[in-house]
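**Student:** Produce the entire structure from the sequences given, and follow the hints as far as they go.
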Amino acid sequence: MNNIKLGVFVLGGLLFLVVLLYMIGINKSMFGGSYILKARFDNVQGLIKGNNVRFAGIQCGTVKNIKIISDTVIEVTMSLDKKMASIIRKNALASIGTEGLVGNKVVNIIPVQGDSEPAAGRDIIASKKMLSTDDLMQTLSRTNDDLAVVVSNLKTTVLRINNSNALWSLLNDNGIPMEVKNTLINFRKATGNAVQITNEVDQLMMDVRNGKGSLGVLLTDTSFATHLDAAVLKIKTVGERADSLALTIHSMASAVQKDMDSGNGAVHALLKDSSIVIKLNKSLENIEKGTQSFSEDMEALKHNFLLRGYFKKQEKKKQAENKKL
Amino acid sequence: MLKQQHIEQIEGSKPVNEQEPVLQVSHLYKAFGDNKVLNDFNLSVNRGERIVVLGKSGSGKSVLIKCIIGLLRPDSGGIRMLDKDIAGLSHQELDAIRAKVGFLFQSNALYDSMTVRENLEFPLRRHWIQLTHAAVRKMLEEALEDVGLAHTIDMMPAELSGGMRKRIALARTLILKPEIILYDEPTTGLDPITAREIIELMNNIHAKYNTTSLIISHDMNCVRLAASRIVVLINGTCYANGTWDTLTKTEDPMVKQFFE
Amino acid sequence: MALSKPMGKFLTETGELSRFAGRFFAQWYKPRYELGEFLRQCFIIGYRSLPLVGLTAFIMGLVLTMQLRPSMVEYGVESQLPAIVGIAIVREIGPVITALIFAGKIGSSIGAELGSMKVTEQIDAMEVSGTNPFKYLVVSRVLASVFMLPVLIMLSDAISLYGAWIGVNIHSTTSFALFWTQVFNILSFSDVLPAFVKSFFFGFAVGIIGCFKGYNSSKGTEGVGQSANSAVVVSSIMIFVIDLLAVQVTELLGLN
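Note that the protein sequences, when read in sequence, are chains W, C and F. In terms of the working numbering, the numbers along the first sequence are unbroken and rise by one, the last being 325. In terms of the working numbering, the numbers along the second sequence are unbroken and rise by one, the last being 585. In terms of the working numbering, the numbers along the third sequence are unbroken and rise by one, the last being 841.
Hints were generated in silico from the structure; no laboratory data involved. All residues carry an ideal CB built from backbone N, CA and C; glycine is no exception. Please note: incorrect hints may appear among the correct ones.
As the list claims (entries may be wrong) - Computed footprint of chain C on chain F; a stretch qualifies when at least three of its residues, placed anywhere within it, have a C-beta under 8 angstroms from a C-beta of chain C:
#1 676-684
#2 756-763
Claimed, not checked - Derived lysine-lysine pairs resembling DSS-like cross-links, with alpha carbons at most 27 angstroms apart:
#3 K361(C) to K594(F)
#4 K720(F) to K409(C)
#5 K690(F) to K5(W)
#6 K236(W) to K282(W)
#7 K5(W) to K720(F)
#8 K502(C) to K720(F)
#9 K313(W) to K323(W)
#10 K720(F) to K361(C)
#11 K615(F) to K425(C)
#12 K82(W) to K49(W)
#13 K381(C) to K594(F)
#14 K720(F) to K425(C)
#15 K590(F) to K361(C)
**Tutor:** This is the structure in structure tokens:
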């Protein structure tokens, strides 16, 4: 009885040992039929004897041997499950990959489209150079370097924006929009004046057509009318331009504001130097000057000897009307 | 001097009483380090004798008996037992001699892990004696009946009393029907009544099987009842030699102290 | 001799133990073979130790898994838990823990048994009964230890892995088949074989030291207790020493 128990005990232990070894053996393709395939690489990336071989992701064998043929050719001999003999074709590609991110190396055999004979034992199948992790890492590190430069640039930009008094003064200066507004008012006034002038000229023309006064000189001088037309047109354009300029400034200001809020700015080129603000101020000044000189022109026109009488008459009429009122 | 007489007796060509010697110990030396336990010890035992070796504790009695059975190897000197020189024997030959020599241990030496039956069977099995089951059972029963403990056959030694254990040990010694039985302090550790029973048992067995007995003891009761001849072991030598009657009458102070 | 007393005692004992082991090697293969006693000892040493070894192995596998889980989770490799536990059990925990339990149970029982046999002259009695007590007692027990401990270790590996599987399943669900596959996928012969080989040495150490201590037990019941105690202590230390040697040898042989 005791011997029976002892027998069961010993057999139990041995059974587990055998199962253990057999299971490992199956995993290493040590039992059952196997056949040999070879592939040549220029770099095996740390592949070692015993690493797994996979066909389309299925475990099907192990690396049996790695032999250096020449300084650029390394032959990897793989021991594969016999069952795979009818499946792996001659045109299959072998590549070296990694199990997981930092796991063991594996040889992946990838089936390729197109007809081909099944690979027989000891055949050499083609190999495919894969991006090794090293290469990946190298690229990654270059990208990283670039990124570092970009980031540092960005940082200086942000710093500059932060430290840029000009920009902040531009953004904080309430006077500028006011000035722009004033300018626009001036424009409107100027335009209004121009309309009035045109009306007055119209009336003058009517008077001329009606044969009033000694306006022969005026009529013969067509160039004057042309000048007048061009002047009007110009005034119109200037007004439009001022409008769009105001719009541009507005959108720019809001864009800058947004950029500042979100912390990145492609506007730094615009804001790179404070001179632009000065220029901006100057152009506004110029516009103002232009408007002013136009007013002066108008005044001058009033005092033109040809039209003096007309203006006087107008004035008188006005005065009479005022009196009437 | 008694000592002198004895040596002449041994070295004489013929023993006095015409009987064949079954055990002869001559010029035996045994030392443990500097302690010379046996120092030129001589003894001759004839068939059918019941010799008691008397000595104080630590005087080397146990060493003597262990040298005789081959458990200890003497430094020099010869031991001749049943016409074989113990020192020159191979293991097999020594075992063959031991099959004819019983040894009763002071502490009985019953195997704790075995039943009484297995204890008794052990020497039978170990000496390569081919026996049928029936024969073995008969021998077991006989040996147990000799010691009067037939009912204990399936008990473990731990379940037995001291006297019973001694009897079982004796039965185990008897089972091979030895020609010589060596008793190492057979009454030590037993109460006087049990000790007397054991001595009676020893004498009965002696009478029944005509064995030769060599008894080591310092128990005077045992010496008186069991001995046909007494050897006094003092200072590693056979100091005195004689019957109970002669030794009780001696004037030698060294011997006399045992008998007072 | 300028050696201190304990040092001298230690060296003497080492020398005696070596001599004892030498005597074992000189005798174990020679007839007569104590087959019956060997099988009896196999039963006692092997089969009777299974419940104790099995229980400790089960708990060990379970606890090891539960202890490893938090760190595995922290590193995000919880799915590798069966693999790492399998490696730990088969390579190291199984053999060493089992051998230590074995030393505690068998080393002490051999030491005490032979010690008391020595003290009560049973060993002498065997000798005069036509038995070579060294073969009958020592060779049979040492051989039984040598052959039973590897069997015990195999069974305890299996039980430990079962315990580990339960440990994995406490917090997540893994089928036994998946667990099994993961364990066997990570294991290789170089994990199993050195562990298996060293278990024979563990068995030999426990057996020979237990027998040596018992066989050379000093007189008296105190001596018996001391032999049992020092048998356990010395064989446990020897297990670790052998383990250290084994790992270095496997490294040298390139089996890691």
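**Student:** Now, for every hint given, state plainly whether the structure supports it.
**Tutor:** Hints, verified against the model:
Only when three residues or more bring their CB closer than 8 angstroms to a CB of chain C does the claim for the segment 676-684 of chain F stand; here the count is 0, and the claim is violated. Counting residues of the segment 756-763 of chain F whose CB lies closer than 8 angstroms to any CB of chain C gives 0, which falls below the minimum of 3, so the coverage claim is violated. Distance check on the hinted pair: K361(C) and K594(F) sit about 25 angstroms apart at the alpha-carbon level, within 27 angstroms; holds. Note on K720(F) and K409(C): the hinted pairing holds, with a Cα-Cα distance of about 26 angstroms set against a maximum of 27 angstroms.
A hinted pair counts as satisfied when its Cα atoms are at most 27 angstroms apart, and K690(F) with K5(W) qualifies at roughly 19 angstroms. A hinted pair counts as satisfied when its Cα atoms are at most 27 angstroms apart, and K236(W) with K282(W) qualifies at roughly 21 angstroms. About 24 angstroms separates the Cα atoms of K5(W) and K720(F), which keeps this hinted pair within 27 angstroms; it holds. Proximity of K502(C) to K720(F) is assessed by CA-CA distance (about 26 angstroms); at most 27 angstroms being required, the pair is judged to hold.
Our distance criterion of 27 angstroms between C-alpha atoms is met by K313(W) and K323(W), whose separation comes to about 15 angstroms. A distance of roughly 32 angstroms separates the Cα atoms of K720(F) and K361(C); the hinted pair therefore is violated under the 27 angstroms criterion. Distance hint between K615(F) and K425(C) is fulfilled; the C-alpha atoms sit about 26 angstroms from each other, no more than 27 angstroms. Between the alpha carbons of K82(W) and K49(W) the distance comes to roughly 19 angstroms, so the proposed pair stays at or under 27 angstroms and holds.
Straight-line distance between C-alpha atoms of K381(C) and K594(F) comes to about 32 angstroms, which puts the hinted pair past the 27 angstroms bound. The suggested pairing of K720(F) with K425(C) holds, with an alpha-carbon distance near 22 angstroms, which does not exceed 27 angstroms. Distance hint between K590(F) and K361(C) is fulfilled; the C-alpha atoms sit about 26 angstroms from each other, no more than 27 angstroms.
Consistency note: the structure conflicts with the earlier hints numbered 1, 2, 10, 13.
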